[in-house]
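Asks: Chain by chain, the residues:
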Amino acid sequence: MKKLINAADSVVGDALRGLAAAHPSLRVRDQVVYRASGPRAGKVGLVSGGGSGHEPLHAGFVGHGMLDAACPGEIFTSPVPDQIIDATRAVDGGAGVLHIVKNYTGDVLNFEMAAELCDDVDVASVLVDDDVAVQDSLYTAGRRGTGATLFVEKIAGALAEEGAPLDVVARVAAEVDDRSRSFGVALTSCTTPAAGKPTFDLPDDRVELGIGIHGEPGRRRAPMAPARELAAVAMEAVHGDLPLQGDLLVLVNGMGGTPLMELYVVFAEVDAFIRGKGARIARSLVGDYVTSLDMQGFSVTVCRLDDELTRLWDAPVETPGLRWGR
Amino acid sequence: MKKLINAADSVVGDALRGLAAAHPSLRVRDQVVYRASGPRAGKVGLVSGGGSGHEPLHAGFVGHGMLDAACPGEIFTSPVPDQIIDATRAVDGGAGVLHIVKNYTGDVLNFEMAAELCDDVDVASVLVDDDVAVQDSLYTAGRRGTGATLFVEKIAGALAEEGAPLDVVARVAAEVDDRSRSFGVALTSCTTPAAGKPTFDLPDDRVELGIGIHGEPGRRRAPMAPARELAAVAMEAVHGDLPLQGDLLVLVNGMGGTPLMELYVVFAEVDAFIRGKGARIARSLVGDYVTSLDMQGFSVTVCRLDDELTRLWDAPVETPGLRWGR
Amino acid sequence: MDTAFFVAWFEDAAKVVRLRRDELTRLDAAIGDADHGANLDRGFAEVRAALTDWPPASPVQALVSAGTTLIRRVGGASGPLYGSAFRQMGKTLEEPVTLARFAGAFEAGVVAVERLGKAAPGDKTMIDALAPASRALALAVREGLEPLEAFERAARAAEEGALATIPMRARKGRASYLGERSVGHEDPGAASSALIVASLATVAGGVS
Amino acid sequence: MDTAFFVAWFEDAAKVVRLRRDELTRLDAAIGDADHGANLDRGFAEVRAALTDWPPASPVQALVSAGTTLIRRVGGASGPLYGSAFRQMGKTLEEPVTLARFAGAFEAGVVAVERLGKAAPGDKTMIDALAPASRALALAVREGLEPLEAFERAARAAEEGALATIPMRARKGRASYLGERSVGHEDPGAASSALIVASLATVAGGVS
Ligand SMILES: Nc1ncnc2c1ncn2[C@@H]1O[C@H](COP(=O)(O)OP(=O)(O)O)[C@@H](O)[C@H]1O
Ligand SMILES: Nc1ncnc2c1ncn2[C@@H]1O[C@H](COP(=O)(O)OP(=O)(O)O)[C@@H](O)[C@H]1O
Ligand SMILES: [Mg+2]
Ligand SMILES: [Mg+2]
Ligand SMILES: [Mg+2]
Ligand SMILES: [Mg+2]
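Chains as they are written, first to last, in the working numbering: chain U, 1 to 326; chain L, 1 to 326; chain E, 1 to 208; chain A, 1 to 208.
Warning: the hint list may mix true and false statements.
Heads up, simulated DMTMM-like pairs for lysine to aspartate or glutamate below, C-alpha to C-alpha not over 25 Å straight-line [to be verified]:
{"#": "1", "chain 1": "L", "residue 1": "K197", "chain 2": "A", "residue 2": "E11"}
{"#": "2", "chain 1": "L", "residue 1": "K197", "chain 2": "U", "residue 2": "E112"}
{"#": "3", "chain 1": "A", "residue 1": "K118", "chain 2": "A", "residue 2": "E159"}
{"#": "4", "chain 1": "E", "residue 1": "K91", "chain 2": "U", "residue 2": "E112"}
{"#": "5", "chain 1": "A", "residue 1": "K118", "chain 2": "L", "residue 2": "D82"}
Simulated from the structure, these hints should not be mistaken for laboratory data.
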């Protein structure tokens, strides 16, 4: 394993130093990333967080029109309640705070604990669980939160920026999650700095279908196939769970080690698939947004838009990872 | 080798289909990428191009405030004159066209041939050659064009958008190149789809110093080292060629397979190095901008700013790969 | 069982977790995200530091301090779960500590994990090591055994419980995403629980 | 040497380049960017297609068509260089084609490469195969040899010239970035030049 790090146990802190140095619009304090501009009175504050290793998620989405604070944990390890408590108190502008939580046991537990201990702040929370590779049944921890997190953060962020009250922001955030589905495919495993070797071994002629964003193995292995077929597997899984229809917001997301050129190849196939179902890509993103360290592979996330969600998606955003309109 | 492609020889075309589908602001015709809005009368047109495999360079920088057209060649192969001729004629708004050419034999020859054949258009050209890893002597093809290409495209693009005449745009573009230096470090080789295996073998305890963006091996191998030391090697090379002073524009660039988190770790070290020399990072970018397929590694590009260049850097830009101010 | 006993327990657990860190990570790599060893190592190192910097005045303080430290420093699923277990043990424990009181507090800790994790035995989690250990302790109390023997039985039960997770299909935590593919692997949290319970016996036996 | 001879030359070159494609790419991987085989294969396949779709009426047309196709379809350094070489050969060649006229046109092609590439023998480029081939042809003309023997000598000279690039340090093209590290590898363009010259002999010998 070769990584551009100083040491396995300093990587999160070192990266946050770099983040702070690169973006004067951000402040980093006690492993929490804030907008340098501080909370705005009357605006609902948005706090997200989760394990590190998914950059630009979440710290890269702190800024106007998205998050007020992000709590990065250690690599693939949810943040601790202290971080979340600090963030929640600091971003409260009097209108309450929304916790955006990806549905993983660790994330849920730590955010819950923090929320309980923040009884001086009005806290609501939204659980993101968009990954159709996981069966949503009594026999699992429920679906994982993956690419839809970005959609929830962007749209809830736009709504909060407009001055919507906490219950509305929370409701629309949950609606975005409801309308979103994801599926991921890995060509290689990621390697965590602490482990120093790939989390799983994948032969050169095999892919993992239905992977998460923490190097969890997928639901099954399949022979390596052309981009067209891999895209179809992902899209069939999404379509089978939430029929593709109308105007869609589509993210073709790289897992961290995949060249952008390949993501565009996948996007072309996803677009063709969606047209084939009579639906339409109205808005899209192609790139590394919700990554898994150096993993090679992609995920697709689809959200069924309506006019209001489209308007909120289009609203100005100014963060290191997503920016338009200002 | 596993890649998200349909076939090695269709990858460039497939990716361009995806690009066109993802970005309604772009048009792709005969392997040339244009602004959908067409040429603007009286504005100098900017055409760049080069081998594919460096995404988002160049097609990702077509749009308001940057390029008018990009000519992507096959993987790592400069475009052919026909593409450049088409692009040059199509983007001419009557004020002439600037060719932005990275200094590689193939790029130079093909752009020269095209310019000769476009005698109906007023064509100027700027050669980008910022890579200090190459000795600029009679015994080489001269320095390679790498990260500074992005700076030249952004700043010349802003100037053209303001209505500056061709000679001024060309002069400032050359000045940006003059003031810029780069150095790259690879942890792994890239793998071209056609070759199907890594261009060079690099043991797990070695890095290549002074690599280019085409999988060319570097100037020398060295033992793998912490990010701090690798950043120092790159920065010493830059500093030894163009002393770091005053306000700097700094790009910490990923080679395609490097997680963003690691780039931030490198950025923190670059920032510390620059402070140590008494200079200051006034503007910066961290991310994958000038890549080399799936190579793991980074490059640093530094440009000495002045007030005018800073103003032009800050000017609005709206492209798939770089966007602010609109 | 005095304060020193509890401090020694956490010190031994910290030592053992460091020693077996890579193995725990390997287990987590197979059906999770390859961080359980790093998480617990970081957490118990912090517990040890906290117990050194602010020496606890009582067993209760030692347990609550350890639990709070784990919650504050680990993150992930195991941080809140182990942290709540120790905090609940501390809050339940009556002093002076007898084996019977210890066993009661231990069971309260296990119940805290079950409640927080919404999990039950058979879900392939740490509970599958902790619950058998708790039952073994309760039985030992009823049989009037000495602490050393009681802890040895608990350690054996935890170890067997951990191994018994191998054929299970996970219903909770990250391993549940794998469905059938989670079968055939030992649960990392069950494995670490077995180590922590084994430390009880080590410390009671004086072989620290 | 009639039109059919030139068409056969390009067809044989296309065949050989396809056959040796991976080897050329491997040479380019060592000191360049691993695309020379793909570039030439794509280019000569297009040359072949163009010569089939628009059959040339003369040797000059065949050469100019091939050169133009290479310029229009290959890209990179080798596209314009080989393309200009064939175009210049065509523009210089007088018909009916004799060995002497062919040799003169070949030399004009080599000069075109030198001028465009601003390169000279010893720079470790295709010129190090093409220039010796051109000299061998000129000598063969002076000695009054038959085409087959002349081409065989040219092929040998090109082959030796290509191998002679191994100890050279590159001063032009991508390999020059490597400085000393370019020593010890055969230049891919010189290797492909040797193949293309060898095709002359193959076609002249009738063993196509
Ligand atoms: N709902 C749950 N109830 C009880 N234990 C759980 C639950 N979820 C996970 N665990 C335990 O936590 C362990 C994983 O811990 P760790 O790897 O540190 O956290 P994470 O899964 O967040 O990476 C599992 O092996 C399991 O024993
Ligand atoms: N300036 C030059 N003059 C003559 N030949 C050159 C020059 N530069 C490169 N070449 C030849 O071109 C070959 C490389 O061709 P190719 O790999 O197709 O192009 P690129 O270098 O653009 O990838 C080199 O091996 C060399 O023989
Ligand atoms: Mg984890
Ligand atoms: Mg090339
Ligand atoms: Mg884990
Ligand atoms: Mg090449």
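Asks: Against each hint, give a clear statement of whether it holds in the structure.
Replies: Structure-based check of each hint:
1. For the hint pairing L/K197 with A/E11, the CA-to-CA distance comes to about 29 Å; that exceeds 25 Å, so the pair is violated.
2. Annotation: proposed proximity of L/K197 to U/E112 is violated, straight-line Cα distance about 48 Å (limit 25 Å).
3. A C-alpha spacing of about 22 Å is found between A/K118 and A/E159, which places the hinted pair at or below 25 Å, so the restraint holds.
4. A distance of roughly 20 Å separates the Cα atoms of E/K91 and U/E112; the hinted pair therefore holds under the 25 Å criterion.
5. With a C-alpha separation of about 23 Å, the suggested pairing of A/K118 with L/D82 holds against the 25 Å cut-off.
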